[in-house]
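Student: Taken in order, these protein sequences are the chains called A and B. Here the first sequence is numbered in this note's numbering, starting from 1 and rising by one per residue. Here the second sequence is numbered in this note's numbering, starting from 501 and rising by one per residue.
Don't read these hints as lab results, they were simulated from the structure. By construction, the Cβ of each residue, glycine as well, lies at the ideal position given by its N, Cα and C atoms. Watch out, some of these pointers could steer you wrong.
[As the list claims (entries may be wrong)] Pulled a few chain A residues facing chain B out of the computed Cβ check, cut under 7 Å:
(1) I339
(2) N340
(3) D342
(4) W346
(5) N350
(6) S368
(7) K371
(8) Q471
(9) T473
(10) I477
(11) Q483
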Amino acid sequence: MTYALLITVFVISTCGLVYELIAGTVASYLLGDSITQFSTVIGVYLFAMGIGSFFSKYIEKKLVFTFVQVELIVGLIGGISAALLFFLFEHVENFRILLYSLVSIIGILIGLEIPLLMRILKDKLEFKDLVSKIFTFDYVGALLASLLFPLVLVPHLGLVRSSMLFGLLNVTVGLWTIHIFRNELPWLNTLRATGASLVIILVGGFAFADKLTSMAEASSYPDSIIYSTSTPYQRIVITGGGKEIKLFLNGNLQFSSKDEYRYHEALIHPAMGSLKNPENILVLGGGDGMAVRELLKYPSVKNITLVDLDEQMTKIFRDQPAFSHLNDNSLSNPKVKVINADAFVWLRKNQNQFDFICVDFPDPSNFSLGKLYTDTFYAAVKRALKPDGLLVIQSTSPYYAKNSFWCVVNTLEAVGYKTLPYHAYVPSFGDWGYVLAGNKPVKLDFDYPTGLRYISAATMEPMLSFPKDMQPTVHCINKLNNQALVHLFEKEWGEYVETH
Amino acid sequence: MSKRISRSAFLKGAGALFWSLTSGNWLAGCSNKFSFPVRWLGPSMALGHAIRDRTLTPHKGKPEEKKTIYIIGGGIAGLSAGWWLKRNGFDDFQIFELEKNVGGNSSSGQNDVSKYPRGAHYVPIPNEESQYVREFFQEIGIIKGFAQDGKAIYDELYLCHDPQERLFKDGSFQEGLVPHKGLQSEDKKQTERFFKIIEELRSAKGLDGKPAFAIPVDLSSNDSKYKELDQISMTDWLLHNEFDSKPLLWYVEYCCKDDYGAIPDIVSAWAGLHYFAGRRGRAANGEHNTVVTWPEGNGFLVEKLREKLKNHLKTGEMVTQISNEEGGLKVSTQAGDSKKAYQCEYAIFASPRFLADYLVKDYPKNLPGSSKKKNSLTYSPWIVANITLSRIPPSRGVQPAWDNVSYYSESLGYVNATHQNISTRSSKTVITYYLPLSSFEPKAGRMKLYTDDQKKWLKHIIADLDKMHPDIQTYIKEVELWPWGHGMIRPSVGYVWGEERKLMQQNVGNIYFAHSDMSGISNFEEAQYQGIKAAGHIMDKLGHKPG
């Protein structure tokens, strides 16, 4: 029995160190700066162990019973720790509080283990022998854990599975102890049943670790995911709850089927309704085909060229009936030519000129997207625009990011466009901004097709007026070598996210 | 009891901390195999050593071809000499380059992901007096025109895109390379004072009316007030001016290594200050500290020159001797095993000067580079690693920039080759990591460069990058290592304004010299200036009128 308990020391010391390493590694993955994360995790963990050791003296009776309980709880909490941290990262206000609480709980329990075991063994061995043996096994266990972790566990099992595996080991130690002391322990069956159910939970967790990871993603979307894929360029997720279908790119909402008509009518019709018989159209971005759907409402349109980066995206919205019905199969229309290319690169090679160009890119939230809002880019667009043609650009929200919005206007004017900014209310997004631009001052006309739900001559007028809270406070031009827009956008949306 | 436990736990914890701190080193040290391909390239070693060992024999026979001018070396100096001749309507010349491709220090490479530099990778906005650079930039469309105030308008695709630089310090990246976050007030004061002095020096003019620090250096003022700065080291200058702020000294050392591959103890104060005060260029559409750069670095400029000179290039052909014979200069060459000889009236030796003694027959004993003379020319050895990544690893602080530097590294950090791309298609990229072996004597550094295990270099580099980006190894797809034994001339104390450099400007009979080592500063502007100067001298001799 003595040796059985000493092997226990070995196992629990391995488990203890593995939990510590897992917490440190997960924290480094999620928060970055591994030096800080490891230092603080280790510090908190050691301190918590001290607390556990300190309180061990208050446990007077039922030493074995307590030890078994500790093992089962450590097995559960330690076992699911990695999964818990990954899962809750998106959902908790302050991840660090969760992290350090979890580390503290595990630390306190681990701190209880060795003192309890020593006291259980104190009558079976001479004191000097006891101390020597316990610490020998403890240290050897530590060595084993520190070698296993980087060489075997992380590369072959991953963090979620590793923690489940070691939780299982802790529970096994508990069950084994129950078995050894089966004649002394109270509530034997309850303990056994608890142990057995923990084994099931942890084995289940180990087996379905991959599912858990995707569940973690699912839980950050409010509705159920009906389609998701990772392309070389982005993560596409489509959710559907009831009748509402939403498209997310890299976690950012692109449209909701409930009100996307507002966004896309406002994007297309102010320009198209002002043009006389527009025939050749260019759409940059807009791979979901919604803008094209609106364009096809004009019988004068002869051909539409859609340039979108992502082949997967245009394929989903062309070939999958569940999604292509949203754009009235616009991408299969013979007038439409889909080109999967980089808009900037494509534009520099393009020789054609268009009556209308629609620029519908994601917001300038990073430096590579920021390049698609620069004066150099708009100059390239200008070469593709007919002298009487019009251009529209989705330009983020003039309410949440007013200076970003006006920066797009300034940048267009800096390369010689005459502009007409306007905005529309789209419930899913909020108040949203667009800029109409042309080589000559833009003259609005209201020659709209029938059947529109949002845009009309009457709604256009208020869309042109910008109240005081949408007026800019800085003036800047976005260039490749200053990326002024990305800096502004980061600041403005950052402030908004912080205060809400 | 609990004390014992906490000690045991402490040791465990300390072990874990040690592991986390050194995992880069340790993991790299453990694995002798890398999961990605590694190539060790570099200038042709066998040829270089054959020259050094003097095992090459010149061609015995009579010259088979004849030109007025032969240019030896297809780096920026040689190519610029050719460009200048051609621009002035002179066509009877040929350039020899021993490597397969021209470019020298401005060479570049390419893989599926991107083009990338193997050496020089940018040119600062040229100054008013850097007339040749401006002419060249205009000719190839980098400068598109001029604003009303006379400032040049640059093609913005080539101006370094924002964000230009970031510095890793105290656990996260900050904007720019001058440390500015979390400084003591004394550090801030010194930094401000330093840049105030620089600002004054930047606009300073000598008694002769010339700028104190000009690009090219030969257009700088002759005023001894400034030239005296060449007699002390940059470190001494900092000391005299009571600069002892660590972050500031770090920055100055970084800059010395960046431009000269050497530390401030060795670099002369004149050269050290020239780095800062020499750059006065202004663009109509860019900030004053901006640069022009391309994914392939100055390989872009090489390609433009190569295109213009394509009928004048003989690559893969090594010059083994230039000798004065009856009827003119004889240039012996070797391509593989086949030897040839050429005859010309003039030659431009556009190669580093330490080679002159080996290749120019009867190279005067009193000139720098002669083996009879105590060697005064020192060249810094470098290693450049081009590392293909699945993406720039995530990090704390500001987003990835063009130039990414660590406060805690002896390297110069890395430059992102795809930074100038207008494509958003792929996150894959190539980063170019620059490591000057500035902590060694150049000879010892070269020895280390060529004798140390190549895997050891790679491990060293990965461990260094790991400090900026933990787990960078998991992002690496491919590595190309490129050693530069004689990477750049060192402007040591007394070199720029000393006797040696003056002697180097002399021609030897009809052989003219052109290389940035004649300026003491190794960059595009100086190499181009030296090339054009040599070409100009010869055209004068020939009585060739531009046209």
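Student: Now tell me, hint by hint, if it's right for this structure.
Tutor: Evaluated hints:
1. Here the hint on I339 of chain A is broken, as its CB sits about 13 Å from the closest CB of chain B, past 7 Å.
2. Interface hint at N340 of chain A: violated, since its Cβ lies 9 Å from the closest Cβ of chain B, which is beyond the 7 Å cut-off.
3. Residue-level restraint check for D342 of chain A holds (minimum Cβ-Cβ distance to chain B is 4 Å; threshold 7 Å).
4. Checking W346 of chain A against chain B by beta carbon gives a least distance of about 10 Å; that is not within 7 Å, so the hint is violated.
5. Against a cut-off of 7 Å between C-beta atoms, the interface hint on N350 of chain A is violated, since the closest Cβ of chain B lies about 14 Å away.
6. Given hint, S368 of chain A at the interface with chain B, holds; its Cβ is 4 Å from that chain's nearest Cβ, closer than 7 Å.
7. A distance limit of 7 Å between C-beta atoms decides the matter here; for K371 of chain A the minimum to chain B is near 6 Å, and the interface restraint holds.
8. Nearest Cβ of chain B to the Cβ of Q471 of chain A: about 26 Å, over the 7 Å cut. The hint is violated.
9. With a least beta-carbon distance of about 21 Å to chain B, the hint placing T473 of chain A at the interface is violated under the 7 Å criterion.
10. Checking I477 of chain A against chain B by beta carbon gives a least distance of about 10 Å; that is not within 7 Å, so the hint is violated.
11. A distance limit of 7 Å between C-beta atoms decides the matter here; for Q483 of chain A the minimum to chain B is near 4 Å, and the interface restraint holds.
Hint violations for this structure: numbers 1, 2, 4, 5, 8, 9, 10, all remaining hints satisfied.
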